[in-house]
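Residue numbers (numbering that gives the first Met the number 0), protein chains in the order written: chain X, 0 to 393; chain U, 0 to 98; chain G, 0 to 301.
Some hints could be false.
Partner residues aside, some chain X positions facing chain G, computed with beta carbon under 10 Å [stated by the list, open to error]:
#	residue
1	E33
2	E106
3	G110
4	S151
5	L219
6	G220
7	I281
8	G300
9	T303
10	M325
11	D328
12	R348
13	N370
14	F373
Simulated pairs of lysine to any residue, SDA-like, Cα-Cα distance not exceeding 20 Å [claimed, not checked]:
#	chain 1	residue 1	chain 2	residue 2
15	G	K143	G	R162
16	X	K234	U	H90
17	X	K234	G	G99
18	X	K234	G	D109
19	X	K253	X	R349
20	X	K234	U	G29
21	G	K143	G	G99
22	G	K143	G	A167
23	G	K114	X	D327
24	X	K234	U	A77
25	G	K114	X	R367
26	X	K203	X	S258
27	G	K114	X	P362
28	X	K234	U	E48
29	X	K234	U	D49
30	G	K143	G	R8
31	X	K234	U	H88
32	G	K114	X	S258
Hints are computed from structural coordinates only; laboratory data are not their basis. Just so it is clear, the structure is predicted and the values come from calculations on it, not from any experiment. In this text, a Cβ means the ideal position worked out from N, Cα and C, and glycines have one as well.
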Amino acid sequence: MDGLTGYLRSDGRWGLRNHVLVLPLHLAAGAAAERIAASVDGAVSVVHDWTGEGSDEDVARVGKVLVGFAGHPNVSATLCIGLGEDDATLAERARERGARVEFLSLEAGGGTAGTIERGLSVTSGLAAEAARLQRRTAPPSAICLGLECGGSDGMSGITANPALGVASDLLVEAGGTSVLAETSELVGAEHLLAERAVSAEVAKDIIEMIERFERAAASLGVDLRGGQPGPGNMKGGLTTIEEKSLGAAKKGGKAPIQSVLEYAEAPGTLGLHVMDTPGNDIEQMVGMVAAGCNIVAFTTGRGTPTGSPVAPCLKIATNSDVFRRMRDDLDLNAGEILDGTASQLDMGRRILAALAGAASGLPTASERHGNAEFAISRVAPRAAMPTYGTVSRI
Amino acid sequence: MSEPQHPSGTRATPVVMVLDEADNVAVAVGVVEAGSHLAAGGASIVALEDVPIGHKIALAPIPVGEVVRKYGEPIGVATQPIEAGMHVHVHNVVSSRLP
Amino acid sequence: MLEATAFHRPGGTAGARNHVLVLPSVVCAARVARDVATATGGVSIVHQHGCSQVGDDAVRTGQVFEDVACSPNVGATLVIGLGCETLEGHRLASRIEQRGQSVEFTGIQDAGGSKEAVATGVAACTRLLAELAGSERAAVAPAKLTIGIEAARASPLVDALARRLAEAGASVALTGHAGGLQDRWSRAAAFSSTPPRPYRVVLQEAGHGVQQHLALIAAGVQAIVSFPALDAAPVGSPVCPVLAVRGSSPLHSALAGDFDLSDGDGIDVLWRRMVETIDGAPTVAERLGSSVFALERLAMTM
Chain X
0 MDGLTGYLRS DGRWGLRNHV LVLPLHLAAG AAAERIAASV DGAVSVVHDW
50 TGEGSDEDVA RVGKVLVGFA GHPNVSATLC IGLGEDDATL AERARERGAR
100 VEFLSLEAGG GTAGTIERGL SVTSGLAAEA ARLQRRTAPP SAICLGLECG
150 GSDGMSGITA NPALGVASDL LVEAGGTSVL AETSELVGAE HLLAERAVSA
200 EVAKDIIEMI ERFERAAASL GVDLRGGQPG PGNMKGGLTT IEEKSLGAAK
250 KGGKAPIQSV LEYAEAPGTL GLHVMDTPGN DIEQMVGMVA AGCNIVAFTT
300 GRGTPTGSPV APCLKIATNS DVFRRMRDDL DLNAGEILDG TASQLDMGRR
350 ILAALAGAAS GLPTASERHG NAEFAISRVA PRAAMPTYGT VSRI
Chain U
0 MSEPQHPSGT RATPVVMVLD EADNVAVAVG VVEAGSHLAA GGASIVALED
50 VPIGHKIALA PIPVGEVVRK YGEPIGVATQ PIEAGMHVHV HNVVSSRLP
Chain G
0 MLEATAFHRP GGTAGARNHV LVLPSVVCAA RVARDVATAT GGVSIVHQHG
50 CSQVGDDAVR TGQVFEDVAC SPNVGATLVI GLGCETLEGH RLASRIEQRG
100 QSVEFTGIQD AGGSKEAVAT GVAACTRLLA ELAGSERAAV APAKLTIGIE
150 AARASPLVDA LARRLAEAGA SVALTGHAGG LQDRWSRAAA FSSTPPRPYR
200 VVLQEAGHGV QQHLALIAAG VQAIVSFPAL DAAPVGSPVC PVLAVRGSSP
250 LHSALAGDFD LSDGDGIDVL WRRMVETIDG APTVAERLGS SVFALERLAM
300 TM
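Let the hints inform the model, and build the full structure from the sequences given.
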């Protein structure tokens, strides 16, 4: 991958961007974080709805995501803003792997206005430090690629996903890392993935990941028809979850599968991994990025503008029609495979080259638009419908 | 699954694409109008209905309960009797995996 | 005595605000919604829902969005959808319309991308704002006012406020569990001298202040007086002014600047501030203008 550059971080990982992140650790800190990041060049913020209340599993999951973002290689430094001083422990966890993290709390700052004032000063300082860092030549192993599809249609499994699979295989051969996810969109393809597992144990993990999902879906008593595939998928021709999954799995190419990762869990080796995430486009992307993916390749048939606050997200259209219609939100057109002007192999190589270009600094469409969606997957919402909005009169 | 072969062997745009020789459906990648004759996987079928782009058309009869195959793999079973040339989608196929 | 002004809606309700709500039906549309709101002066919310949501969970989220759009404080809504999501934007827009609200819909995929959707959305929002520009505040009868009280902690002001509202002829919607509130209210109803106004107890299981506010908005309140728990920060709400009353705790003292009032201010000051708020005076939360929003989920995303 000629010309690939990045920022070498103290923990040995490579950053493909050099953002300063203003990260609220609690919903109440969101307003301050937004205001600070909007006022400092080079700073980005995220908004989320975590209030600290949840099951142990959700507390752990949210913590992993927030720490993963605070210490992300694409981020030169993070200002974490908590509600109280005890939120500092999350900032500490991010510092443990050498990340540059500052912490403020609303409590110590005297509320939102005071925190914004202090936060502006801290963030400007972090941005000045960031501006002094330089890119250098990076090896292919610098890339940790998140594979994603959203707004899939009947073409996804024929054009963009197989082409992305070619790019992923080339990356892995060259020493990079690739992550395939979206558990609900692998149901029906798991036997094909298990065949490629590096060990019987990993094969078992893949099957179990799918079985766990099916049990969860069954226990919810939810009718997934209309949910998976969704309305847009069906308009695009996808009929069943198996069909969608067989197409989706092609994003992972043919490389051997090294391990099954939990949501937001960092891959322990180079190569291709599978991560257990929901099908929700944003929750998936956040999980992969929190785990360390520093660039995302996102195929789409219906078209979607979503992106990541800290990682470049390369959009690949499955068909020329959507590429034309939503040109400004998309980067590459795998519809050329149908038009006859490119083979899957050609397109795969072009995707890899575009990934290298984006990695080295070329902004993707979603970055130009400032799409920075953020959502943390929760596993244990309420079991029963609360009596929300019920009114009784005294 | 190898890269889908264009029916004429050239890079000309096909109308339907067969993804695997074991498949009993093809994917419409161009305009498929009822009554049109289509070359698909070395055979020829007549479209019995319009099939939207990205949707599937049956290559052979698929009786109720029979497996629908795409990419060489099962993608569901027929819930209505399907004839060659029919549009194959949610009205006549159901998933075998989830409710 | 409760003399306030409000915007009178065609359906007979009255609003303390005259918002155009720019409502993304799915997380992927939130950025476009935010850009449209920023460009036009509408209010938007940023949430993480609508994609791969199924069953009761999706229905409930849709219901919450619908209730927010049907708040009397919202003069019109622009729903922004993507086009492939399980929580379908155009259906949400129809349901809002069926409830008698003015609503328009923009779909990002239909519009041809996010930039186009922002342009279409800005045009739609501008139209809606123009329709609302003619509406003026006019005196509003207390009977048309429902004030929400979020009582996550006990405060003498809760009962005092409820009593005064009842005596003035307004309705009260209460959420929160602070110490036997329902019992005290039954007793308070016995004290009201005019024909009893309905006290409405909005049942909302334990949850953050934001959830409590959503429950009150569904009950049709024009303003909320919030008594956050002693270990909780005050938060605002996108379409409803929230007056936050500080209690005695280290956290509340530390966050004094984020509150509007304290228990120590007393009922007369609270009453005056409440009336001013209904009349249009911005609360602390409104001045901060955050679009942060939180919604409980019933199930995990598929």
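Checked hints:
| no. | hint | result |
| --- | --- | --- |
| 1 | E33 | holds, 7 Å |
| 2 | E106 | holds, 4 Å |
| 3 | G110 | holds, 4 Å |
| 4 | S151 | holds, 8 Å |
| 5 | L219 | holds, 5 Å |
| 6 | G220 | holds, 8 Å |
| 7 | I281 | holds, 5 Å |
| 8 | G300 | holds, 9 Å |
| 9 | T303 | holds, 5 Å |
| 10 | M325 | holds, 4 Å |
| 11 | D328 | holds, 5 Å |
| 12 | R348 | violated, 27 Å |
| 13 | N370 | holds, 5 Å |
| 14 | F373 | holds, 7 Å |
| 15 | K143/G with R162/G | holds, 17 Å |
| 16 | K234/X with H90/U | holds, 13 Å |
| 17 | K234/X with G99/G | violated, 30 Å |
| 18 | K234/X with D109/G | holds, 13 Å |
| 19 | K253/X with R349/X | holds, 18 Å |
| 20 | K234/X with G29/U | holds, 15 Å |
| 21 | K143/G with G99/G | holds, 17 Å |
| 22 | K143/G with A167/G | holds, 11 Å |
| 23 | K114/G with D327/X | holds, 7 Å |
| 24 | K234/X with A77/U | holds, 19 Å |
| 25 | K114/G with R367/X | holds, 11 Å |
| 26 | K203/X with S258/X | holds, 10 Å |
| 27 | K114/G with P362/X | holds, 17 Å |
| 28 | K234/X with E48/U | holds, 17 Å |
| 29 | K234/X with D49/U | holds, 14 Å |
| 30 | K143/G with R8/G | holds, 11 Å |
| 31 | K234/X with H88/U | holds, 10 Å |
| 32 | K114/G with S258/X | violated, 40 Å |
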